[in-house]
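There are 2 protein chains.
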Amino acid sequence: MALPREYTSEDCPVARALEIVGERWTLLIVRDALYGVSRFSDFRDHLGIPRAVLTDRLNLLVENGILARVTAASGRDEYSLTAKGEGLWPAVWSLITWGNEHYVSEDGCRPFTHVGCGGTLAADGRCESCGTRPQPGELTLHPRAKTSPARKTDPVSQALSVPHRLLTPIARTPAQ
Amino acid sequence: MALPREYTSEDCPVARALEIVGERWTLLIVRDALYGVSRFSDFRDHLGIPRAVLTDRLNLLVENGILARVTAASGRDEYSLTAKGEGLWPAVWSLITWGNEHYVSEDGCRPFTHVGCGGTLAADGRCESCGTRPQPGELTLHPRAKTSPARKTDPVSQALSVPHRLLTPIARTPAQ
DNA sequence: TCCTCACGGTTCGGTGAATGAACTTATGGC
DNA sequence: GCCATAAGTTCATTCACCGAACCGTGAGGA
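Chains as they are written, first to last, in my numbering: chain A, 1 to 176; chain B, 1 to 176.
No wet-lab data here; the hints were simulated from the structure.
Just so you know, these numbers come straight off a predicted model, no measurement behind them.
Hints may contain errors.
Stated by the list, open to error - Just so you have them, the derived chain A footprint on chain B, three or more residues with Cβ under 8 angstroms:
(1) 18-30
(2) 86-94
(3) 100-113
Even for Gly, the Cβ is constructed at its ideal location relative to N, Cα and C.
Please construct the entire structure, taking both the sequences and the accompanying hints into account.
Written out as C-alpha cells, the structure reads:
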C-alpha cells in the first residue's frame with residue numbers, strides 16, 4: 001500500500017504533483033531536505049512525525065525519485081534531494097512567502113540571502129540585488145530578527161538558529 | 001472538528017500554510033476556484049470529491065479567508081477567491097510547472113497566455129513577451145495541443161476545453 | 001395546488017490511514 | 001559482554017475518508 005490515493009483528474013499536472021507531494025508530511029520532509037536534513041532521526045526529531053509514517057514517506061519519496069537513499073560512511077542510510085526534488089524549491093518558496101504574509105509577524109520572518117551577492121530573496125524568487133533566480137543551494141537561511149523565547153533543542157533547530165546555507169548537511173554534533 | 005490537525009513547528013510559514021492548503025483536496029479546490037469554478041456541484045463533479053468532504057473543505061477555506069461565500073441572485077451559494085486566496089496562485093503555478101515537467105508529455109501541457117500582450121507564461125511565472133508577472137485574472141488557459149481521446153463531460157471540463165480566462169465564471173449552460 | 005427535479009447539504013456504516021507506545025534489529029564504543 | 005543509539009516494525013486506538021442514502025429548499029410544470 002505504498003502508493004497514496006490517486007486523484008481522479010490524472011491529466012492535470014497539479015493533481016499529479018499532489019498525488020506525491022500532497023500527502024501529509026511529504027512537503028515538510030522536502031522542506032527539511034532543502035534545509036540539509038538527511039538522517040531519519042533528524043527528520044523525526046525536527047518534525048515530530050511518527051516513525052512508521054516517516055518510514056512510509058521516505059520510501060514514497062525515494063520511489064518517486066525525489067529523494068535518493070545513500071549509505072553513508074557511518075553505515076547509516078542518508079537521504080538527499082535529487083534534481084527532481086530540488087525542482088520543488090519554487091513550490092516550497094511560494095508557500096514560505098504566502099505563509100509569511102498571512103501568518104508570521106514582520107520580525108518573525110527568516111530572510112534568505114543569495115550566497116553570490118548577498119542580496120535578499122524577494123517574493124518572486126529573485127535576488128533583490130542581482131536579479132537572478134538562485135538555486136536553493138545558493139541561498140543562506142538566516143535566523144529571525146527577534147529572538148523567540150522558546151527554542152527547540154533538536155539538532156536541526158539548533159543548526160538553523162544560526163545562518164545556514166541550504167542543502168548543506170546540518171551539524172551532527174549533539175547539543176549541550 | 002473543523003480545524004485540521006496541526007503541525008508542531010508552528011513558527012514555520014510552510015507548516016502554517018500546509019495546515020490549511022496541505023489538507024487533502026484543498027489545493028485542488030483552490031485550483032478550480034482559480035479556473036473560475038464557484039458552485040458546489042461544479043467542484044463536486046469536476047473533482048469527484050465526496051460531498052461531505054467538499055462541505056468540510058469549503059467551510060475550512062471560508063473560515064480561513066481563502067474563499068468567500070456569497071449568495072447569488074439564484075439563491076444558491078457561490079464561492080469565490082479572496083485576495084488571500086488569489087495569493088496562492090504562485091504555489092499552484094509552481095506545482096503546475098513541476099507536474100508538467102515530470103508527469104505530462106510535451107504536447108500534453110496546457111499553455112497559459114498573458115491577456116494583455118498574448119505572451120506565454122514561463123516557468124518562473126513571468127510573461128515571455130512583456131516580462132511582467134501577471135495576476136491569475138490576467139491569464140488565459142488554453143486546451144492542450146494534442147486532443148486527448150477521452151473527454152470528461154462535466155460542465156467544468158467542457159468549459160476548459162476551449163480557451164478560458166482564469167477567475168471568470170465557467171459557463172452555466174448544461175452540455176449536450 | 002401538487003408533483004417533480006436539481007441543488008446543497010447532512011447522516012451513517014465501513015474502511016483505511018495516522019498516531020503513539022512498545023518491541024526488534026543492527027551498529028559502535030567501552 | 002554490556003550499554004547506547006539509530007532505524008525500523010508491530011500493534012491497538014483513534015480519526016479521517018469514502019460512498020450511499022437520506023433531508024430541506026426553491027424553481028418549474030401540469
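Hints, one by one, checked against the model:
| no. | hint | in the structure |
| --- | --- | --- |
| 1 | 18-30 | holds (count 6) |
| 2 | 86-94 | holds (count 7) |
| 3 | 100-113 | holds (count 7) |
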